[in-house]
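Chains as they are written, first to last, in the numbering used here: chain R, 34 to 268; chain L, 27 to 496.
Worth flagging that the hints you see were computed from the coordinates, not collected in a lab. There's no promise every hint is true.
Claimed, not checked - Restricting the straight-line Cα-Cα distance to at most 27 Å, the calculated cross-link-like pairs of lysine-lysine (BS3-like) are:
(1) K491(L) - K159(R)
(2) K220(L) - K200(L)
(3) K132(R) - K491(L)
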Amino acid sequence: MLICENLSLRVNDFHIAAETLALPPDVYAVLGPSGAGKSTLLSAIAGFLKPASGRILWNNMDITHLSPAQRPVGILFQDNNLFPHLTIHRNLALALTHKARITSDQDRAIGQALDRVGLTDLAQRKPADLSGGQQSRAALARVLLQNRPILALDEPFSALGPALKSEMLELVRVIAQDNGTLVLMVTHDPNDAKQIASQSILVADHVIHAPQRTHTMFEHPPEALARYLGRVTPS
Amino acid sequence: MTAADWAALRFTVMQAALSAALSCVFAIPLARALARRRFRGRDIIVTVLGAPFILPVIVAVMGLLAVFGNNGLVNKVLSFLGLPLISIYGLTGVLIAHMFFNIPLVARMVLQGWGAIPAERLRLAETLGLRGWARFRVLEWPMLQSIVPSACGIVFVICLSSFAVALTLGGGPKATTIELAIYQAFRFDFDLGKAAMLALVQFGLAGLAAIVTVSMSAKDPFARGLDRHLTTFKFGLGAAFFDGVILILISAFLGMPIFLVVAQGVWGIPDLPVSVWWAAVRSVIVATASTVLCLGLALALARRWGEIIGSAGIAVSPLVLGAGLFLMIRPFANPFDMALVVTIILNALLSLPFVLRILRPHAESIRVDYLRLAQAMNLNSAAWVRWVLIPRLRQPIGFAAGLAAALSMGDLGVIVLFGTSDHATLPLKLYQLMGAYRMEDASAVAVVLLLLSLAVFWICDLWGKRHADL
Numbered sequence: 034m035l036i037c038e039n040l041s042l043r044v045n046d047f048h049i050a051a052e053t054l055a056l057p058p059d060v061y062a063v064l065g066p067s068g069a070g071k072s073t074l075l076s077a078i079a080g081f082l083k084p085a086s087g088r089i090l091w092n093n094m095d096i097t098h099l100s101p102a103q104r105p106v107g108i109l110f111q112d113n114n115l116f117p118h119l120t121i122h123r124n125l126a127l128a129l130t131h132k133a134r135i136t137s138d139q140d141r142a143i144g145q146a147l148d149r150v151g152l153t154d155l156a157q158r159k160p161a162d163l164s165g166g167q168q169s170r171a172a173l174a175r176v177l178l179q180n181r182p183i184l185a186l187d188e189p190f191s192a193l194g195p196a197l198k199s200e201m202l203e204l205v206r207v208i209a210q211d212n213g214t215l216v217l218m219v220t221h222d223p224n225d226a227k228q229i230a231s232q233s234i235l236v237a238d239h240v241i242h243a244p245q246r247t248h249t250m251f252e253h254p255p256e257a258l259a260r261y262l263g264r265v266t267p268s
Numbered sequence: 027m028t029a030a031d032w033a034a035l036r037f038t039v040m041q042a043a044l045s046a047a048l049s050c051v052f053a054i055p056l057a058r059a060l061a062r063r064r065f066r067g068r069d070i071i072v073t074v075l076g077a078p079f080i081l082p083v084i085v086a087v088m089g090l091l092a093v094f095g096n097n098g099l100v101n102k103v104l105s106f107l108g109l110p111l112i113s114i115y116g117l118t119g120v121l122i123a124h125m126f127f128n129i130p131l132v133a134r135m136v137l138q139g140w141g142a143i144p145a146e147r148l149r150l151a152e153t154l155g156l157r158g159w160a161r162f163r164v165l166e167w168p169m170l171q172s173i174v175p176s177a178c179g180i181v182f183v184i185c186l187s188s189f190a191v192a193l194t195l196g197g198g199p200k201a202t203t204i205e206l207a208i209y210q211a212f213r214f215d216f217d218l219g220k221a222a223m224l225a226l227v228q229f230g231l232a233g234l235a236a237i238v239t240v241s242m243s244a245k246d247p248f249a250r251g252l253d254r255h256l257t258t259f260k261f262g263l264g265a266a267f268f269d270g271v272i273l274i275l276i277s278a279f280l281g282m283p284i285f286l287v288v289a290q291g292v293w294g295i296p297d298l299p300v301s302v303w304w305a306a307v308r309s310v311i312v313a314t315a316s317t318v319l320c321l322g323l324a325l326a327l328a329r330r331w332g333e334i335i336g337s338a339g340i341a342v343s344p345l346v347l348g349a350g351l352f353l354m355i356r357p358f359a360n361p362f363d364m365a366l367v368v369t370i371i372l373n374a375l376l377s378l379p380f381v382l383r384i385l386r387p388h389a390e391s392i393r394v395d396y397l398r399l400a401q402a403m404n405l406n407s408a409a410w411v412r413w414v415l416i417p418r419l420r421q422p423i424g425f426a427a428g429l430a431a432a433l434s435m436g437d438l439g440v441i442v443l444f445g446t447s448d449h450a451t452l453p454l455k456l457y458q459l460m461g462a463y464r465m466e467d468a469s470a471v472a473v474v475l476l477l478l479s480l481a482v483f484w485i486c487d488l489w490g491k492r493h494a495d496l
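Bound conformation, chain R alone (with noise of 0.2 Å):
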């Protein structure tokens, strides 16, 4: 379970609070406008951000103070997921290990991470050489290697075109079903949310709002999201 208890954060003269969020394993769709602090919510719990105020707990253990490589959270951010001047293959031994030598273990489980993702054969390209559906695949298998407990999706996929987003998000519930991975997605798109996100969790003026069921959110939209998804609430 990971609870965010009295989290205030603060980038320059930005603000935002958060009410108290305790989550279990699931996938967490991170919804609101631009510009309202969704990244900036990820960067906390990624560890990129120190809280101005308020603890982070993972399955009870304090991990406010905890650096990024520390924390029981993969992350993928919008761009700049894997290192452009190394093969996929290197890419991926670096979550493993720093030495030039791989050994047979490692060899191993970059193959199977790769055929989880579907790109068994481009393990020699460069990322430049990939498409850029190829190239999450290949970002989301480095994740699926360091095998964290909590995936942190910074809208990895928001280049994509629909039907590429749609595959990969899809890949990604899968993936969190199997290993029980709790996945926080940060997204404007209500789609994104609806595909997979059982829960929904609003950020809006200046606010993180504690997680609600996505069907119900959109269903009995608050006001902060209806104004969002330009509609007007019944008063």
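Using the hints, position chain L against chain R.
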């Protein structure tokens, strides 16, 4: 300070000021001609303007002697015409050599200034049909105001620390720089107290000048313009003639010395004594080691505070650093045995400001783009340097390494202070041959040194460009 010390101080400041002024006087019309003319060979001239940076000073001095020396080209013509001869030794020679190195430097800076004039302003001047002085006031003058003071200041600071030029062309009571005086106090009088005192004067002088220069370099008033040239402008015949004369004169001034060095020296190479080739081997080793050391320091310092620390080397002269190291080593070992090690260290420190200037912007953008990913992937600093920083910096590292290697290869500074003939580097060997008036051997060594300097630069630069498929 003795009267001679005061004279050295006066001469140092005077020659540096004159060198700066003269370099700007010739560089500004050269840059203007290159900015507004398009002709075959223009790109070659612009590229060659970067070459003096990797050209060993002593090779240039050999070339200038071939043109302006007692038996040089100019004096042959003058004597044929029955006119009085010129002497390159003393202030004249020091100024000629400093102009040889600094006209290209200033011209490149001013040319960049031309490139940075906003397109809107060019269009405005064109729309208004500005001509002559009006155009100068609107376009060139504001640009010059922002570039020339700091360019002038940089040349002044460089010339304050002039050693190799003063050593070979200056000297005597009338043309001794403080750097040269430090050397003389060391080598001839072995008066360490006096050398230390002069080192302090030099340090204060160069430090002061560096601070003034930094504060003088106004914030760039120009937004970055798009790449474009001025050929749409109409220039009169007079301007074309003037540009042509300037281009030919300055190209000859810069090109002729090198041409003559090569022409005179290349045939003597097969007859060079073995000791020259050993000196060449030593030089290659020194250049390689100091380049590796310099790059190591630069990679560690490639951030803003690091560049400030690393740039201290620009104000501190090699002779001052060398004098300090000499005093530090003396209690433990014979400094003369450590000549090559000291040269390696000092050459690395001297190249550091330039290498940092090249690497820092690239290193910073790599950090912006990939540090988060590296953190997310738990790369430690060794893994970061090995798998991300060096591979992604490869091209600028190659270029910077080329500069550092060429600078070290041609350096005639500290080695003169420490070096004996047992461990002479190639520039020192060349200097010794010149001192012994063995000019044929000296010319041949100059060619070897020139080729080696160009080769190390070329090899490093090529290494950086290969596989730089980022």
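Hint check:
{"no.": "1", "hint": "K491(L) - K159(R)", "in the structure": "18 Å, holds"}
{"no.": "2", "hint": "K220(L) - K200(L)", "in the structure": "19 Å, holds"}
{"no.": "3", "hint": "K132(R) - K491(L)", "in the structure": "25 Å, holds"}
Checked against the numbered hints above, the structure breaks none of them.
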